[in-house]
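Here's the letter readout for the chains.
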Amino acid sequence: MSTKFILKLLFGAVILPVATGFAQPEYRVGALPAVNLNIKLKRNWSINSRIESRQQFESGIHGVESIREYDYLLTDVSLQVARKVGLNGRVGGGYLLRFGSGELAHRFIQQYAFVQKKSGYRLAHRVMTDQTISNLEDLELRFRYRLTLEVPFNGEAVDPGEFYFKVSNEFVNSLQTNIYDLENRFVPLIGYETRKKFKIETGLDYRVDGFFNQSTRHSYWYSLNFFFEI
Amino acid sequence: MKEFGCLLLLYLFCFPYCARAQEKWERESRIRASQVPVLASQFLDSIPDKSKLKWYREESLSDTSFEAKFTYQKRAYSVEFSKKGIIEDVEILMVWDELNESVRKSIEQIFQKNCTRFKVERLQVQYSGSNASLIRLFIDNQSGINLEKHYEIIVKCTQQKSVDLFEYLFDDKTLSYKASKIVFKNSSHLEY
Numbered sequence: 260m261s262t263k264f265i266l267k268l269l270f271g272a273v274i275l276p277v278a279t280g281f282a283q284p285e286y287r288v289g290a291l292p293a294v295n296l297n298i299k300l301k302r303n304w305s306i307n308s309r310i311e312s313r314q315q316f317e318s319g320i321h322g323v324e325s326i327r328e329y330d331y332l333l334t335d336v337s338l339q340v341a342r343k344v345g346l347n348g349r350v351g352g353g354y355l356l357r358f359g360s361g362e363l364a365h366r367f368i369q370q371y372a373f374v375q376k377k378s379g380y381r382l383a384h385r386v387m388t389d390q391t392i393s394n395l396e397d398l399e400l401r402f403r404y405r406l407t408l409e410v411p412f413n414g415e416a417v418d419p420g421e422f423y424f425k426v427s428n429e430f431v432n433s434l435q436t437n438i439y440d441l442e443n444r445f446v447p448l449i450g451y452e453t454r455k456k457f458k459i460e461t462g463l464d465y466r467v468d469g470f471f472n473q474s475t476r477h478s479y480w481y482s483l484n485f486f487f488e489i
Numbered sequence: 010m011k012e013f014g015c016l017l018l019l020y021l022f023c024f025p026y027c028a029r030a031q032e033k034w035e036r037e038s039r040i041r042a043s044q045v046p047v048l049a050s051q052f053l054d055s056i057p058d059k060s061k062l063k064w065y066r067e068e069s070l071s072d073t074s075f076e077a078k079f080t081y082q083k084r085a086y087s088v089e090f091s092k093k094g095i096i097e098d099v100e101i102l103m104v105w106d107e108l109n110e111s112v113r114k115s116i117e118q119i120f121q122k123n124c125t126r127f128k129v130e131r132l133q134v135q136y137s138g139s140n141a142s143l144i145r146l147f148i149d150n151q152s153g154i155n156l157e158k159h160y161e162i163i164v165k166c167t168q169q170k171s172v173d174l175f176e177y178l179f180d181d182k183t184l185s186y187k188a189s190k191i192v193f194k195n196s197s198h199l200e201y
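Top line first, the protein sequences correspond to chains X and F. Note that my numbering has the first sequence beginning at 260, numbered continuously upward. Note that my numbering has the second sequence beginning at 10, numbered continuously upward.
Chain F on its own, in the form it takes in the complex:
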């Protein structure tokens, strides 16, 4: 036992495991409907025939937001709200082939340029705008009127020396985009 104790002390002192000073901290937790801001609740109440509604709170060091995930007309929706319950955007999960052909081909050309091989893992169409315009998405299905539209795409991208997941956010009109690499959560406790 003494041997183990000595080794453990040596082990802990040999490796400087002090955490870095500025950590990015985010936490998503499932919450009850009663914990949601009234405005957000009211918005969701106005959507007819939705199902599988789940609420989440997303916290970071600087902000808190709320997200509702549900199914509406057989599609997966995600609606994000500010801390006060003001709607920020609506995201609708889509299949890659459902995307307008010319838009799809233009985006594919960008992926071909950035990756030696690619595979689209997930596509969400994101709408943002006024509260009234967003509610029309659900009531009369008039998407695109007075709304900003973006495509949020998760792509598996093979480059020369690595394979990574990227999140692209494309503007619908100009197809200008922002790309960010998705960093996986640490998994050493699952591997060793």
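With the rest of the complex left out, here is chain X:
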């Protein structure tokens, strides 16, 4: 798979949904800070835990109205247990607790991810399913696929003390009370790896959803991720 093809795939996946999405231009702007901790265990097992908060600074309808107001939306806390399978794959499962604004949701996650090392870049594929139950909404089932490309700023691979570019695109298919929806997430980030198994990433997390229910919404989150490895 050539780099050109991958870029076309990533951008094609983004441009099309954006173009169709402008018909119903509801939007929101905010931040998604997250801390991620990965612990390696014996015999190819690992534990990953993550805490992420969602905060909104502005929302409205493009060209009609906008409300600038700080609003803390929610916090997600998750824990996943995973096992390496094959040469570069990993199967995992876990639980996510979401709370905020009167909502308490429980999400059960299953995922398979594998990473391909190419000359000068890495490609990661992730297939995920999850089931969410909440005190405010009906059961939601989702099927997701994410493709991520990591390119070092220098050399063949990201080494400690170096910057890298990471871009991902994810399709999130959801089914809730027999209503299907598709969300697309496009996330370009700049990252830095320190010498002490720590990474920091920052950039945009752009999401567009509501393609099939006449309420397309664009979300622009400022993304700030911290990754710790033990």
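The set of hints was computed from the structure by calculation and includes no laboratory data. Errors might be hidden in some of the hints.
[What the hints assert, rightly or not] Derived DSSO-like pairs: lysine-lysine, alpha-carbon spacing no greater than 30 Å straight-line:
| # | chain 1 | residue 1 | chain 2 | residue 2 |
| --- | --- | --- | --- | --- |
| 1 | X | 456 | F | 165 |
| 2 | F | 78 | X | 376 |
| 3 | F | 92 | X | 456 |
| 4 | F | 194 | F | 63 |
[Said to hold, decoys possible] Have a look at the derived ranges for each label pair, beta carbon to beta carbon:
| # | chain 1 | residue 1 | chain 2 | residue 2 | range |
| --- | --- | --- | --- | --- | --- |
| 5 | X | 354 | F | 35 | 30 to 40 Å |
| 6 | X | 340 | F | 155 | 51 to 61 Å |
| 7 | F | 73 | X | 340 | 40 to 50 Å |
| 8 | F | 46 | X | 420 | 19 to 29 Å |
| 9 | F | 168 | X | 329 | 47 to 57 Å |
| 10 | X | 378 | F | 180 | 20 to 30 Å |
| 11 | F | 67 | X | 300 | 25 to 35 Å |
For every residue, glycine included, the Cβ atom is placed at its ideal position computed from N, Cα and C.
Got chain X; can you put chain F on it based on the hints?
For chain F alone, kept in the frame of chain X given last:
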């Protein structure tokens, strides 16, 4: 927001993420030809009709070296130099079937012994020796004269409970070898 702040603090203090004291640190970076030691540059200048030349600097806590990667006569070459530009070895990428049949079969027997299943992912023939002998590799294609020859082989090896990549370095004459497991770079930021 308060809830998030409290949780974050709890989260960070609960997990001891202090880095271990002695870390192995290596960095490879692409460099310009002007940043290469003169001796290394001169060696490369003496190779005719090469293409796609790229220079890299490899740094570790104890040493620095330089590497030139290029194509010559439709083959991928890699030449490694010391910090002062003294040539250390030349590696040539080859296809597994190109290897001498008896050598190939002997090596395959070793892989069969060490792995329940194996797949050769990459083969490089490595030459080391004097500067003059190494340059003859390119000028009159006289490989093997006054040179030490090794085979560097990356193998996907399936064992009872795991699948791993190994790097084997075989001596051409005795087929004695060193094997080391290749540890993949962390990828949790790509998976989660």
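Results of checking the hints against the structure:
Restraint check: the Cα-Cα separation between residue 456 of chain X and residue 165 of chain F comes to about 26 Å, which is no more than 30 Å; the hinted pair holds. Distance hint between residue 78 of chain F and residue 376 of chain X is fulfilled; the C-alpha atoms sit about 19 Å from each other, no more than 30 Å. The straight-line distance between the Cα atoms of residue 92 of chain F and residue 456 of chain X is roughly 28 Å, inside the 30 Å bound, and the hint therefore holds. Taking the CA atoms of residue 194 of chain F and residue 63 of chain F, the gap is near 23 Å; set against the 30 Å cutoff, the hint holds.
In this structure the hint that residue 354 of chain X and residue 35 of chain F lie 30 to 40 Å apart at CB holds, the actual value being about 37 Å. Separated by about 56 Å at the C-beta atoms, residue 340 of chain X and residue 155 of chain F satisfy the suggested range of 51 to 61 Å. For residue 73 of chain F paired with residue 340 of chain X, a C-beta distance near 41 Å keeps the hint of 40 to 50 Å intact. With their beta carbons about 22 Å apart, residue 46 of chain F and residue 420 of chain X fall inside the hinted range of 19 to 29 Å.
Checked against the given bound of 47 to 57 Å, the beta carbons of residue 168 of chain F and residue 329 of chain X, roughly 55 Å apart, stay inside it. Evaluation of the 20 to 30 Å hint for residue 378 of chain X and residue 180 of chain F yields a pass: the beta carbon distance comes to about 28 Å. At about 31 Å, the CB distance of residue 67 of chain F to residue 300 of chain X agrees with the hint of 25 to 35 Å.
Going through the hint list in order, the structure satisfies each hint without exception.
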